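Visitor: Residues per chain are reported as follows:
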Amino acid sequence: MTIGGIPLAGFLTAMLAAGLVAAAPLVLAALGEAVGERSGLLNLGIEGMMLSGAFFGFTAAYLTGSAVWGVLAGIAAGSLLGTLFAVLTVSLRVDQVLVGLAITIFGAGLTAFLYRDVFGGQNPSLSLDTSRIAIPGLSQIPIIGDAMFNQSLLFYIAFALVPVFAFVLARTRFGLQVRAVGAYPFAADAAGVNVTRIRYQAALIAGAMAGVAGAFLSVADLKIFQIGMTVGTGFIALALTMVGGWNPYRILLAAILFGLLRSLGNGLQIIGVNVRTEFITMLPYIGIMVALALLAGKTSLPAALGVPYARGRR
Amino acid sequence: MNRHRLRLGLIAAVALLLQATFAGSLAAQDATPAAEGVTVEQIAVVTPSSRTNQGWDQQAADAAEAVAAEAGIEAVVAENAGYDDITPVLRDLAAGGAGLIICHASGYQTVCPEFAAESGVPVAVIENPGAVAPMLVADIETQAQEVAYLAGVLAGETTESGTVGVVVSGEPPTWNYMTVGFAEGLAATNPDATMLYSVIGEAAYDDAAGASRVTEQQIAAGADVIFGMGDGASFGMIQAIEDHNAQDGASKVWFIDVIGDKQAEHGDVLLSSVLFDYSGIYQQMLDDLAAGTFGDVYTMDVENGGVRLLDLPEDLPQETKDAVAAAEEAIIAGEIEVSAIPDAEGMNARIAELFPE
Amino acid sequence: MTRALSPSRFAPLLTSLAAIAAALVLGGIFLALRGKDPLAAYGVLVSRGLGTSYGITETLIRMAPLLIVSAGLLVSLRSGVWNIGIDGQLLVGALLAGVAGAAIAGQVPNPVMWLIAALAGMAGGLLWALVPGILRVRWGLNEIITTLMMNYVALNVTSWLVKGPVKDPDVVPPQTRLISREMRLPDVAGTGVHVGLLVGLVVVVLVTILFRHTVIGFMLDVVGRNRQAAIHAGMPVNRLTLVALLASGAMAGLAGANDILGVKGLFQGNWNPGYGFAAFALVYLARLNSLWLIPFAYFLSFLVIGGEMMARPLGIPTYFVEMLEGLMLLCFAVAAWVERMRSPYARAEEVETGPANAGEPPGPLISEPLLEPVARVAGGPS
Numbered sequence: 001m002t003i004g005g006i007p008l009a010g011f012l013t014a015m016l017a018a019g020l021v022a023a024a025p026l027v028l029a030a031l032g033e034a035v036g037e038r039s040g041l042l043n044l045g046i047e048g049m050m051l052s053g054a055f056f057g058f059t060a061a062y063l064t065g066s067a068v069w070g071v072l073a074g075i076a077a078g079s080l081l082g083t084l085f086a087v088l089t090v091s092l093r094v095d096q097v098l099v100g101l102a103i104t105i106f107g108a109g110l111t112a113f114l115y116r117d118v119f120g121g122q123n124p125s126l127s128l129d130t131s132r133i134a135i136p137g138l139s140q141i142p143i144i145g146d147a148m149f150n151q152s153l154l155f156y157i158a159f160a161l162v163p164v165f166a167f168v169l170a171r172t173r174f175g176l177q178v179r180a181v182g183a184y185p186f187a188a189d190a191a192g193v194n195v196t197r198i199r200y201q202a203a204l205i206a207g208a209m210a211g212v213a214g215a216f217l218s219v220a221d222l223k224i225f226q227i228g229m230t231v232g233t234g235f236i237a238l239a240l241t242m243v244g245g246w247n248p249y250r251i252l253l254a255a256i257l258f259g260l261l262r263s264l265g266n267g268l269q270i271i272g273v274n275v276r277t278e279f280i281t282m283l284p285y286i287g288i289m290v291a292l293a294l295l296a297g298k299t300s301l302p303a304a305l306g307v308p309y310a311r312g313r314r
Numbered sequence: 001m002n003r004h005r006l007r008l009g010l011i012a013a014v015a016l017l018l019q020a021t022f023a024g025s026l027a028a029q030d031a032t033p034a035a036e037g038v039t040v041e042q043i044a045v046v047t048p049s050s051r052t053n054q055g056w057d058q059q060a061a062d063a064a065e066a067v068a069a070e071a072g073i074e075a076v077v078a079e080n081a082g083y084d085d086i087t088p089v090l091r092d093l094a095a096g097g098a099g100l101i102i103c104h105a106s107g108y109q110t111v112c113p114e115f116a117a118e119s120g121v122p123v124a125v126i127e128n129p130g131a132v133a134p135m136l137v138a139d140i141e142t143q144a145q146e147v148a149y150l151a152g153v154l155a156g157e158t159t160e161s162g163t164v165g166v167v168v169s170g171e172p173p174t175w176n177y178m179t180v181g182f183a184e185g186l187a188a189t190n191p192d193a194t195m196l197y198s199v200i201g202e203a204a205y206d207d208a209a210g211a212s213r214v215t216e217q218q219i220a221a222g223a224d225v226i227f228g229m230g231d232g233a234s235f236g237m238i239q240a241i242e243d244h245n246a247q248d249g250a251s252k253v254w255f256i257d258v259i260g261d262k263q264a265e266h267g268d269v270l271l272s273s274v275l276f277d278y279s280g281i282y283q284q285m286l287d288d289l290a291a292g293t294f295g296d297v298y299t300m301d302v303e304n305g306g307v308r309l310l311d312l313p314e315d316l317p318q319e320t321k322d323a324v325a326a327a328e329e330a331i332i333a334g335e336i337e338v339s340a341i342p343d344a345e346g347m348n349a350r351i352a353e354l355f356p357e
Numbered sequence: 001m002t003r004a005l006s007p008s009r010f011a012p013l014l015t016s017l018a019a020i021a022a023a024l025v026l027g028g029i030f031l032a033l034r035g036k037d038p039l040a041a042y043g044v045l046v047s048r049g050l051g052t053s054y055g056i057t058e059t060l061i062r063m064a065p066l067l068i069v070s071a072g073l074l075v076s077l078r079s080g081v082w083n084i085g086i087d088g089q090l091l092v093g094a095l096l097a098g099v100a101g102a103a104i105a106g107q108v109p110n111p112v113m114w115l116i117a118a119l120a121g122m123a124g125g126l127l128w129a130l131v132p133g134i135l136r137v138r139w140g141l142n143e144i145i146t147t148l149m150m151n152y153v154a155l156n157v158t159s160w161l162v163k164g165p166v167k168d169p170d171v172v173p174p175q176t177r178l179i180s181r182e183m184r185l186p187d188v189a190g191t192g193v194h195v196g197l198l199v200g201l202v203v204v205v206l207v208t209i210l211f212r213h214t215v216i217g218f219m220l221d222v223v224g225r226n227r228q229a230a231i232h233a234g235m236p237v238n239r240l241t242l243v244a245l246l247a248s249g250a251m252a253g254l255a256g257a258n259d260i261l262g263v264k265g266l267f268q269g270n271w272n273p274g275y276g277f278a279a280f281a282l283v284y285l286a287r288l289n290s291l292w293l294i295p296f297a298y299f300l301s302f303l304v305i306g307g308e309m310m311a312r313p314l315g316i317p318t319y320f321v322e323m324l325e326g327l328m329l330l331c332f333a334v335a336a337w338v339e340r341m342r343s344p345y346a347r348a349e350e351v352e353t354g355p356a357n358a359g360e361p362p363g364p365l366i367s368e369p370l371l372e373p374v375a376r377v378a379g380g381p382s
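Residue numbers (our numbering), protein chains in the order written: chain A, 1 to 314; chain B, 1 to 357; chain C, 1 to 382.
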């Protein structure tokens with residue numbers, strides 16, 4: 001079966017794969033952001049944290065020749081900025097939007113400067129053998145097999161983390177504390193929850209996940225770094241966190257839909273549907289706004305989102 | 001208290017104006033009219049993006065440096081100037097002694113002639129022949145579609161699947177010219193071929209991740225030669241192709257690059273590249289400035305070698321090399337005229353004409 | 001609640017200056033670590049940015065859009081509205097201004113053309129802010145996300161328009177028809193700086209008057225400080241929120257028109273000056289005080305213009321200035337905290353923005369004794 005002279009099965013597989021690969025870093029970053037926002041931290045620094053994860057992850061992988069070290073470095077860079085975010089917003093109680101934007105601007109400038117300075121204008125690619133891992137059996141399923149089960153390790157981890165985050169947020173003591181701290185910080189404090197500690201942990205998770213999302217791009221997916229290579233992915237993750245209502249499964253759904261909207265646009269072009277590029281490109285962004293509007297009122301913001309907590313001062 | 005603050009603000013405003021007055025009177029002295037026949041001590045290039053992208057920006061920067069080294073003069077590169085107002089950069093370059101400023105983006109074609117008229121410093125602009133002025137403004141025209149035609153011939157000869165892909169990171173005139181040229185060369189060589197066309201995004205010049213995914217989708221749709229115009233995004237396309245070739249050695253995919261030369265790093269997938277070599281016309285401009293004849297349309301085409309295909313891989317079949325060489329001769333002889341279409345709509349119409357389906 | 005005047009009205013200003021100094025020192029250390037000479041770098045920055053006529057002229061020219069954009073952002077931030085969509089609003093405004101201006105240039109007296117183009121620019125920015133505004137007041141959608149998304153949509157819509165319907169058919173690149181140099185904004189007499197700077201200063205003064213002397217400005221401040229209190233006081237909170245967002249969008253559009261009429265003469269595909277981030281830095285450094293925008297706008301403009309010039313002779317990547325902007329904001333965050341710790345007045349203040357604003361986007365830090373009446377109107381939160 002063909003479509004516009006193109007073999008249909010391979011075409012669909014590639015479209016699905018492209019959508020999922022686009023979704024993976026969004027899922028990673030948005031899962032972390034969901035934990036942060038649940039605890040009351042709105043982090044506009046994801047974009048800067050992702051870029052840092054991408055750059056330091058790439059550099060470490062380049063120097064060591066090991067993808068594992070690269071990903072760890074990406075996590076470390078994200079965690080460091082996540083901690084900085086927590087120090088400034090939780091301990092010093094500075095405005096979260098301000099700190100988030102500052103981290104995004106700083107991260108963009110720092111990574112661009114360092115990439116040029118360290119690599120001296122060269123554009124090396126990683127010669128890693130992080131090639132795909134085909135899962136026996138599953139990867140043989142027609143159409144979806146190759147798209148879903150013949151990917152990099154980090155790809156599987158990204159999607160496997162969804163139920164983990166869902167479980168942690170919904171069923172564990174830590175998850176309960178995170179949600180309590182985000183919704184009723186004063187009550188949580190009165191009940192003996194250490195608000196500051198929980199928010200630090202949440203910020204650390206958000207930073208680490210943004211960092212690993214960046215490393216996914218530079219180490220697992222592309223094996224190159226480019227200045228500004230996240231091109232707004234961090235902000236998209238932020239939006240998808242809200243579209244998904246801080247629920248890991250819904251975030252997964254939103255991220256996959258977003259990724260598929262993009263790859264569907266590419267697919268339409270390939271089969272020769274003559275639509276203006278600009279409309280295809282902006283479709284996902286409009287989609288996010290429509291989704292938010294449709295879901296409005298069905299999800300509620302964590303009550304203390306964006307509000308600094310000061311013990312004993314209410 | 002409020003009144004006091006307002007007063008403070010007014011004082012600040014007046015102080016600024018005074019400063020501006022002072023600055024303006026100095027600025028008037030900066031301008032010096034150009035004389036007949038000038039020797040350039042320093043050549044400057046303004047590029048919109050990073051000069052290390054092995055593409056549009058790097059080719060101009062490298063050519064200026066090469067020409068300057070040859071002539072024993074200085075070269076200054078102002079990179080990452082974006083599409084903002086570049087007047088501050090231009091004035092700084094002029095103050096630094098630049099005797100010729102290359103404004104290396106079609107987006108600079110208004111501001112640079114205006115600056116030249118004001119300051120008297122000769123400039124070169126991209127694709128604005130109407131602005132040409134003696135000893136002041138030169139125009140650079142690139143017949144890139146001619147070489148893209150050759151790339152199309154090369155792709156048409158090389159493809160085994162009969163499907164060839166074009167991936168672009170936006171639809172600026174330069175990309176559109178080349179897409180049309182490529183399509184015409186492909187259609188002439190291999191009329192039964194399928195040409196896929198994908199845009200990564202609007203101004204997605206840095207979106208390597210998006211480029212990689214689009215390329216994967218084209219490969220899955222059967223493309224085994226990809227003609228990619230991306231700047232930074234090109235690295236994502238190459239990555240996708242290298243990844244595919246490592247996975248599936250049986251169906252090798254080739255990449256045809258534009259503007260720069262990535263042979264050293266990616267020779268394994270690089271079929272060729274539409275090379276832009278500005279050094280010839282930059283040298284010509286310096287010579288013309290010295291002779292007092294500067295201010296013309298300078299064209300880079302196949303005939304003068306300003307645009308050419310990167311040397312083809314040794315092991316390519318001889319008939320492919322011959323077909324490319326024959327097309328090249330026909331273009332030089334004027335037997336083949338390649339359409340020059342800058343806008344996306346005209347481009348789409350031409351593609352539909354060439355590959356009706 | 002009683003509140004005396006702060007020990008010095010300039011203490012908040014010192015905080016900003018300390019933050020800038022700290023950022024410059026940290027940036028210098030970073031340069032030194034990367035083997036560059038920081039003193040030479042800052043030397044070039046100052047000698048080119050302040051010591052040359054063109055450095056000063058260009059700094060003043062770049063100041064105009066920064067002033068207009070940040071005055072608009074200040075209106076929205078003081079009203080508790082997070083307008084992250086300035087860049088998109090500016091693009092749409094600039095496009096409309098370019099189209100309208102070129103359409104009537106030469107057919108009407110220039111001042112009329114400028115006025116119409118400026119109004120078109122404001123209408124464009126306003127239109128782009130209207131979508132998130134309506135989503136916010138009708139459906140309660142957080143404007144941080146929607147204004148951000150509208151930026152991407154603006155980029156695509158303006159790009160489509162400038163390549164097609166409004167493109168100048170006589171030239172190759174995607175751009176609107178040129179408003180010739182003679183028809184653009186004239187220079188302030190005797191300078192190389194176009195009158196857009198004066199427009200910027202007027203806008204700043206108008207915003208100052210809005211917040212100091214008008215009821216609506218007062219109400220906007222109350223909404224920004226304490227939304228619940230404003231609701232209890234019977235203020236039309238939704239309408240005020242919308243007004244703040246639209247006003248800031250219109251000003252972003254005006255800034256776009258300023259760049260078209262004063263500098264560029266046309267709207268260009270791929271042009272995206274991205275003043276939004278700089279405006280955020282500016283508004284915070286000015287401590288949400290509109291008059292203080294003026295010196296800080298000069299400083300940031302100097303940094304951008306001088307930074308471009310600093311990069312070349314010393315081989316410092318141009319990205320350094322962007323990094324410095326981020327560092328400044330981070331240092332400002334710390335400095336603001338130090339200030340709060342040192343000031344018993346401000347210390348008490350932060351509590352009010354706490355639980356009372358639950359569920360709302362974070363309110364801006366206003367550490368001025370300007371808003372004292374809030375407590376009176378609302379009877380004090382909790």
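Derived by calculation from the structure, the hints in this document are not laboratory data. Keep in mind it's a predicted model, so treat the numbers as computed, not measured. Hints may be right or wrong, so weigh each one.
As the list claims (entries may be wrong) - Residues from chain C shown here face chain A by an in silico Cβ test under 7 Å; the list is partial:
1. ILE145
2. SER159
3. TRP160
4. ALA233
5. MET235
6. PRO236
7. VAL237
8. TYR284
9. GLU325
Stated by the list, open to error - In silico SDA-like links for lysine to any residue, alpha-carbon gap of 25 Å or less:
10. LYS252/B <-> GLN140/A
11. LYS252/B <-> ALA9/A
12. LYS252/B <-> GLY121/A
13. LYS167/C <-> LYS36/C
14. LYS167/C <-> LYS252/B
15. LYS252/B <-> PHE119/A
16. LYS36/C <-> LEU26/C
17. LYS262/B <-> GLY121/A
18. LYS167/C <-> VAL297/B
19. LYS36/C <-> PRO124/A
20. LYS262/B <-> PHE119/A
Note that the Cβ used here is the ideal one computed from N, Cα and C, for glycine as well.
Visitor: Take the hints in turn and mark each one as holding or not.
Guide: Hint by hint, here is what the structure shows:
Interface restraint check: ILE145/C against chain A, minimum CB-CB distance 5 Å, threshold 7 Å, status holds. Hint status for SER159/C: holds, given a least beta-carbon distance of 6 Å to chain A, under 7 Å. Below 7 Å, beta-carbon pairs count as interface contacts, and TRP160/C has one with chain A at about 4 Å; its hint therefore holds. Given hint, ALA233/C at the interface with chain A, is violated; its Cβ is 21 Å from that chain's nearest Cβ, farther than 7 Å.
Evaluation of the MET235/C hint against chain A yields a violated restraint, the C-beta minimum of about 21 Å exceeding 7 Å. The criterion of a C-beta within 7 Å of any C-beta in chain A is not met by PRO236/C, whose closest approach is roughly 21 Å, and the hint is violated. The restraint placing VAL237/C at the interface with chain A is violated, with a minimum CB-CB distance near 17 Å, outside the 7 Å limit. Hint status for TYR284/C relative to chain A: holds, with the closest Cβ pair at about 6 Å, below 7 Å.
Interface hint at GLU325/C: satisfied, since its Cβ lies 5 Å from the closest Cβ of chain A, which is below the 7 Å cut-off. A threshold of 25 Å between alpha carbons decides the hint, and for LYS252/B with GLN140/A the separation of about 22 Å falls inside it, so the pair holds. This hinted pair checks out: LYS252/B and ALA9/A have alpha carbons roughly 20 Å apart, not beyond 25 Å. With a CA separation close to 30 Å, the supplied pair LYS252/B and GLY121/A exceeds the 25 Å bound.
The hinted pair formed by LYS167/C and LYS36/C fails the criterion: a straight-line CA distance of about 45 Å is larger than 25 Å. The hinted pair formed by LYS167/C and LYS252/B fails the criterion: a straight-line CA distance of about 42 Å is larger than 25 Å. As the CA atoms of LYS252/B and PHE119/A are separated by approximately 30 Å, the hinted pair breaks the 25 Å bound. Between LYS36/C and LEU26/C, the direct Cα distance comes to roughly 13 Å. Compliance with the 25 Å bound is thereby established for this hinted pair.
Our distance criterion of 25 Å between C-alpha atoms is met by LYS262/B and GLY121/A, whose separation comes to about 13 Å. For the proposed pair LYS167/C and VAL297/B, the alpha carbon gap of about 24 Å is at most 25 Å, so the pair holds. Straight-line distance between C-alpha atoms of LYS36/C and PRO124/A comes to about 24 Å, which keeps the hinted pair within the 25 Å bound. Of the pairs offered as hints, the one joining LYS262/B and PHE119/A holds, with about 16 Å between alpha carbons and a cut-off of 25 Å not exceeded.
Taken one by one, the earlier hints fail for this structure at numbers 4, 5, 6, 7, 12, 13, 14 and 15, listed in ascending order.
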